[in-house]
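Start from the sequences, fold in the hints, and give me the full structure.
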Amino acid sequence: MPAPLIAVKNLEKIYKMGEVEVHALCGISFDIYKKDFLAIMGASGSGKSTFMNIIGCLDHPSRGDFFLDGVNVSTMNKNELAELRNKKIGFIFQSFNILPRTSAVENVELPLLYNSSVGNKERRERAYNALKRVGLADRANSLPNQLSGGQQQRVAIARALINEPVVMLADEPTGNLDSKTSYEIMEIFQQLNEKGSTIVIVTHEPDIAQFALGNIIFKDGKIISNHPVVNRKTASSELIKLNVPVKEQAAA
Amino acid sequence: MRILNLIKVASRSLGKNKMRTFLTMLGIIIGVASVIAMLAIGEGSKKNIQDSISSLGTNTIMIIPGAITHGGVHLEAGTSQTLKREDAEAIRMRCENVIYVSPVVQKGAQIIAGSQNWRSGVLGVFNDYFFIRNLSVETGNGFSESDDRAAAKVCVIGQTIVTNLFGENKNPVGQMIRVERIPYRIIGILEKKGQNSFGQDQDDVILAPFATVQKRMLSTTNVNMIIASAKSEELIEDAKNEVIQLIRERHKLTPEEEDDFTVRTQSDISNIFGSVSKVLTILLASIAGISLLVGGIGIMNIMLVSVTERTREIGIRLAVGAKGRDVLIQFMIESIFISFLGGFIGVGLGSLISGLVARFGGWPISVTPFSVLLAFVFSAVVGIFFGWYPARKAARLNPIEALRYE
Numbered sequence: 001m002p003a004p005l006i007a008v009k010n011l012e013k014i015y016k017m018g019e020v021e022v023h024a025l026c027g028i029s030f031d032i033y034k035k036d037f038l039a040i041m042g043a044s045g046s047g048k049s050t051f052m053n054i055i056g057c058l059d060h061p062s063r064g065d066f067f068l069d070g071v072n073v074s075t076m077n078k079n080e081l082a083e084l085r086n087k088k089i090g091f092i093f094q095s096f097n098i099l100p101r102t103s104a105v106e107n108v109e110l111p112l113l114y115n116s117s118v119g120n121k122e123r124r125e126r127a128y129n130a131l132k133r134v135g136l137a138d139r140a141n142s143l144p145n146q147l148s149g150g151q152q153q154r155v156a157i158a159r160a161l162i163n164e165p166v167v168m169l170a171d172e173p174t175g176n177l178d179s180k181t182s183y184e185i186m187e188i189f190q191q192l193n194e195k196g197s198t199i200v201i202v203t204h205e206p207d208i209a210q211f212a213l214g215n216i217i218f219k220d221g222k223i224i225s226n227h228p229v230v231n232r233k234t235a236s237s238e239l240i241k242l243n244v245p246v247k248e249q250a251a252a
Numbered sequence: 001m002r003i004l005n006l007i008k009v010a011s012r013s014l015g016k017n018k019m020r021t022f023l024t025m026l027g028i029i030i031g032v033a034s035v036i037a038m039l040a041i042g043e044g045s046k047k048n049i050q051d052s053i054s055s056l057g058t059n060t061i062m063i064i065p066g067a068i069t070h071g072g073v074h075l076e077a078g079t080s081q082t083l084k085r086e087d088a089e090a091i092r093m094r095c096e097n098v099i100y101v102s103p104v105v106q107k108g109a110q111i112i113a114g115s116q117n118w119r120s121g122v123l124g125v126f127n128d129y130f131f132i133r134n135l136s137v138e139t140g141n142g143f144s145e146s147d148d149r150a151a152a153k154v155c156v157i158g159q160t161i162v163t164n165l166f167g168e169n170k171n172p173v174g175q176m177i178r179v180e181r182i183p184y185r186i187i188g189i190l191e192k193k194g195q196n197s198f199g200q201d202q203d204d205v206i207l208a209p210f211a212t213v214q215k216r217m218l219s220t221t222n223v224n225m226i227i228a229s230a231k232s233e234e235l236i237e238d239a240k241n242e243v244i245q246l247i248r249e250r251h252k253l254t255p256e257e258e259d260d261f262t263v264r265t266q267s268d269i270s271n272i273f274g275s276v277s278k279v280l281t282i283l284l285a286s287i288a289g290i291s292l293l294v295g296g297i298g299i300m301n302i303m304l305v306s307v308t309e310r311t312r313e314i315g316i317r318l319a320v321g322a323k324g325r326d327v328l329i330q331f332m333i334e335s336i337f338i339s340f341l342g343g344f345i346g347v348g349l350g351s352l353i354s355g356l357v358a359r360f361g362g363w364p365i366s367v368t369p370f371s372v373l374l375a376f377v378f379s380a381v382v383g384i385f386f387g388w389y390p391a392r393k394a395a396r397l398n399p400i401e402a403l404r405y406e
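As they're listed, the protein sequences go chains D and E. Here the numbering used here is used: the first residue of the first sequence is 1, the next is one more, and so on. Here the numbering used here is used: the first residue of the second sequence is 1, the next is one more, and so on.
For the record, the hints were derived by calculation from the structure and aren't laboratory data. For glycine and all other residues, C-beta sits at the position ideal for the given N, C-alpha and C. It cannot be assumed that every hint is accurate.
Here are the simulated DSBU-like cross-link-like pairs (lysine-lysine), alpha carbons at most 30 Å apart as the crow flies [unchecked claim]:
id, chain 1, residue 1, chain 2, residue 2
1, D, Lys-88, D, Lys-121
2, D, Lys-121, E, Lys-231
3, E, Lys-8, D, Lys-78
4, D, Lys-35, D, Lys-195
Not everything, but these chain E residues come out facing chain D in the computed CB check (under 8 Å) [claimed, not checked]:
id, residue
5, Lys-8
6, Glu-168
7, Arg-178
8, Ile-400
See the structure below:
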């Protein structure tokens, strides 16, 4: 077995809501390896978003250790975390979170604006390449309000790709999309995974989870199940199935 | 490199909110423009007042015969007849700090030229009087010492006299006017001076050689007053003391006796006007300063609102790896840019306003480099000072909460 890309040991997170202490995570331990494609599932309040924020270097754990690429992140300060987010993490959100009134390519190059080792020309080039990889090369200069929800999420994926992160984290990436568009997004994730990206997504929908390689189920801040996906589906074939009835209806 | 990127980020963000950027800038534009215009107007009014005072001659010293005492009752100044032509000549000879001196005799009279007549006064003066009063002869010549010695019947007249006796824009040099019974030949016309600050028409004047008026019209040895000019404004006090000393000596006054004359200088008057216009400038500048302050608070206001409004944007930036410092610098650049560009436009607008006031108000207004510098520095300081708080607020946002913000 190679060394894990992400190693989580006895991770705990406690929120103080006034007098009451809320245990969002109660001792989570597991490893994520290179080229993994994991789907984290669980009810609301099960701690999956808190977990994602911690491994996304957006938040500190209350206790426990978190190693990213062999480095202990749990002791780092705010600026070091920002540096890690900039260089090693690609984050994708449910609500896309792309800048309004800003063209697709400018949105995509955003992380590199905070990376002083990348020059202007290289930054633009890499932004176009990232857009090409999500199939949006022709919409580079479109503004978000000229793009559909699925296209906006693809811009967000391109933005997460541009710094060649060691891991891509997606918090309910299909939560705001219809099923056809959801499958299209998952198709992109599957393609990226095949080409070597490590991906962790959080989802509510079991059918979306079926596109991943492994499923982890959270309940009350603990992992209750961690299993590989059997009968894994490919998003491209599901997309074709979705289209068939539509064609038949059209014929009738 | 990093700072260049942040400048790019800030300018994109400003460019995408042109209306908001402009409105924020408006406060600074108005503030700076009013500072520039108010300082220019204050400076202009000061110059205006100074000019009209110096047109009277700021170095002027007036020596007036003292009041006579009649049975213990003091009558008004000038009623005694103690000053003579020789006093004036002695001042000229012996007072080192006095450069020009002229005795003055005055006679009100009906002036007649052809079929026209006009009531005015004739002043008998030395030709030094022209220098003391800053008078210049526009056409023709002034009179000379030999005219005085000969008591020549010549005169120099002001524009008001020309207009009333000969009609507007006429050149009556060489023509004759009669003052009472005596015919005078006009040898020169004074340049137009207009009203002085006290509303007197300075062009309603006839100047003739001292001896002519004194001997031919008044038949007296007294003079109404002696007027003199100190070498410079700073020497007025010295000159005044010298004159007092000399005349006391000439009038053989013992130390116990009071002066039988009064000496007045014009520096007293100009001091009062100087302090009035200083107060005016301070008043205008503080009004302008307040408007600049309000403009600065406007920047802070909009930047604060903008931090709240852009919480999500800040969250996104933090999530993709911006450090708190990057966000701080971005917001600082935005507010500095707004205040600088606002300051720049404000200087332009302020100069324009000053120019318009100068053109339509006829004031000698000038925008000084100092006021431009002041306004610029002040607007930059305002930008930095009022931009700091919102920027720090933005930089301290927690990325998770910022992203969750609706």
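Structure-based check of each hint:
no. : hint                  : verdict
1   : D:Lys-88 - D:Lys-121  : holds (21 Å)
2   : D:Lys-121 - E:Lys-231 : violated (73 Å)
3   : E:Lys-8 - D:Lys-78    : holds (24 Å)
4   : D:Lys-35 - D:Lys-195  : holds (9 Å)
5   : Lys-8                 : holds (7 Å)
6   : Glu-168               : violated (68 Å)
7   : Arg-178               : violated (87 Å)
8   : Ile-400               : holds (5 Å)
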